[in-house]
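K.L.:
Using the sequences and the hints, build the whole thing.
Here is what each chain is made of, one letter per residue.
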Amino acid sequence: MFSALIQNLIGVLPSMCAGILATFAVTLIFKTSYTTNFAQGVISALGAYVAVDLAMTHGLPLWGVSVIGVVVAFVVGVLIDVCIFRRGRNVNTLGKQIISMGLISLIIGIIPFLFTIAKAEAMPVQPIIPLTEGFKMGEVNVPYNTLLGVGITVVLMVVLFVALQKSKWGLAVRATASNETVAGMMGVNTKIITALSWGIAGALGAVAAIIYVGNVSLSSGYVMTSTQINAFLAGILGGFATFYGPVLGAVIIYLLNWIVGYICSLEGVGLTTWKSAIVYVIVMILVLIKPQGLFGKKMVKKV
Amino acid sequence: MTKSLNLTKTFMEQKQKDERALRSIRLLDKLRKRPVLGFAVFALILVVVKLMADAGAVNAGLINAIGSTIIYCIVGLGFCLLLGYSALASLGTAGFIAIGCYSTYYCIAEWGLTIGVSLLMSVGLAIVIGIAVGYISLRIEGIYLAIVTLGVAQIIKEALSAIMDTIKINKYKLTFMNIDGLLIDPDAMFYILVAVLFILMLLTSNLMNSPTGRAMLAMKNSTSAAQAFGISLMKYRLMAFVLSTIYAAIAGMLFMLYVGYVSNSSSTLFSLSTSLNILGAVIIGGTKSIWGTLGGTFIIYGINSMFLQDIAFFRDNPTLITIVCGLLVVLVVMFFPGGLVQLVWTLILKIKGLFKKWRVRRYGLEE
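Same order as they appear, the protein sequences are chains S and U. Yeah, the first sequence ends on 302 if you go by numbering that gives the first Met the number 0, and it's all consecutive. Yeah, the second sequence ends on 366 if you go by numbering that gives the first Met the number 0, and it's all consecutive.
Derived by calculation from the structure, the hints in this document are not laboratory data. Treat the hints with care, since some could be wrong.
[Unchecked claim] A few chain U residues facing chain S, derived, Cβ under 7 Å:
1) A64
2) A86
3) E157
4) L159
5) L326
6) V328
Positions of the beta carbon are idealized from the N, C-alpha and C atoms, including for glycine.
P.N.:
Right under this line is the structure:
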């Protein structure tokens, strides 16, 4: 029974890694542009499509196409900020939200035109990291694939959080996040910081998508939707006030997923259908108790 | 002498003719003030088209397309209240359509209840879920509503697809049904659709011009100013959101009654893309206007299902309309926030101005 629990945890890990990366990306954009970027999921799916398409049609090595996919997502992110969000400075928060929703339709529509694999109905897609075999730890099977995903995520998170605290870039991001106008007056080039945030968010999303798609398959442009929903929920649960709050929120949500999923799948319970609904309700109750998030503080808005 | 008299006479006649032309433009103003006339004319036109189709003058496929567009129009009207009047965006529209659809199916086909009861059930369910979701998210901030509804829609969709897997799909079929002693077939259903659309248009327009609508509008323009006037943000935001969920549930119910079945393929109706398309339709048409919403829905859904399906190029590339929708949403929000309706009104104002100028040049200034 205990080994089954651990095995379930290992099954959840890849989506947890993807969720953590996506959450950080969403938080970065929320802090620097003050909008919820709903297109995050499709931008990362676009990166994954580039990688999988190159790997399947040209037979390039997988690490190579992964890098290309991440770079493409970075460029797309920067372009979206430079072409759309920078020009739409007078657009209010709701307008920005709606623009990002419009971008979902736009990118979802473009994907079948760009990639031949997206046109075929049920194309079998290989995992991008083809290490299906793993090693045994007692009764628990640990795939190398999962280990690689966890490794990448941990390294990226450590690098990003250290950079946020110690580097000049991190200082600039935190300054922009706290007040864009004042940061600009203090000599921070907020335009470049915002564009970079969009790029980094796109790249992180692509990494998340490649880790995630390795375990499920790349069925459509909406493949990252559930990860993105969890990322947003994590933002609310942890509170968007800090950078670490949403990431911890993501960890909590995926751990809840693991435990609730395990309990639901037990014999005699039979609630597997309602697994995500139960997790969602738990998160909502937590948010109801702490509206500013578990790690958040009240953001004071001046009129 | 007679010649000049004649000239004056023709001049007067000409002037009367011009006055008549001006009156037809003024009629548009009147329509604006008394919207019920316009709605009635619109409903009548739809009925006439249906009668023409019965007579064989119009393609029957067109009627089907119009029917489904009407259903989307109803969803759009609710969304218009939410987006245009209280500046909130929701991504859960598809989920609430699904609730209306499946609760109708269960009430009528499984439990054998009447249509009135099933209407109450769907709307009641939508209200309960809407209040729960709206209360939690709107307590924090307006922009969180979209996030939370996105999650709700996804859960509803997952749960429904799981239920559909366990029960056989072809069971989800209502061919003919006996509703309160009335045998309703698709032909009669079309008239019901038109009637519901007419009633909801009227209700929406009255709501927009009522104190509630004005309170919502004040809240949209400045939350702080609205609060200073004693408008409760939570109350009106929640009201707008719940109203939009009710509209979506009614539309879902009508979909079930009109189309008669839900299959796995029509489960795309309940996916995120429907919510996005409805949002796109309302934005493109003009967020604060009923006619704008109808126009936007026509652009997104109507044109595609009525005309473009006959062209092979569009049939082979179904995502083309998605691209157009996304692009238009981005462009309209950035450069032309009023949408299609504003474009039309600007044009009308311009034509009016030109007409006035022309009259002044011809007859001189009026005293």
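K.L.:
Please go over all the hints and tell whether each is borne out by the structure.
P.N.:
Hint check:
Below 7 Å, beta-carbon pairs count as interface contacts, and A64 of chain U has none with chain S, the closest being about 21 Å; its hint is therefore violated. Hint status for A86 of chain U: holds, given a least beta-carbon distance of 5 Å to chain S, under 7 Å. The criterion of a C-beta within 7 Å of any C-beta in chain S is met by E157 of chain U, whose closest approach is roughly 6 Å, and the hint holds. For L159 of chain U, the shortest C-beta to C-beta distance to chain S is roughly 10 Å, which exceeds 7 Å, and the interface hint is violated.
Interface hint status for L326 of chain U: upheld, as the beta-carbon distance to the closest one in chain S is roughly 6 Å, under 7 Å. Annotation: V328 of chain U was flagged as interfacial toward chain S, and the flag holds, the nearest CB pair being 3 Å apart, inside 7 Å.
Checked against the numbered hints above, the structure violates hints 1, 4; every other hint is satisfied.
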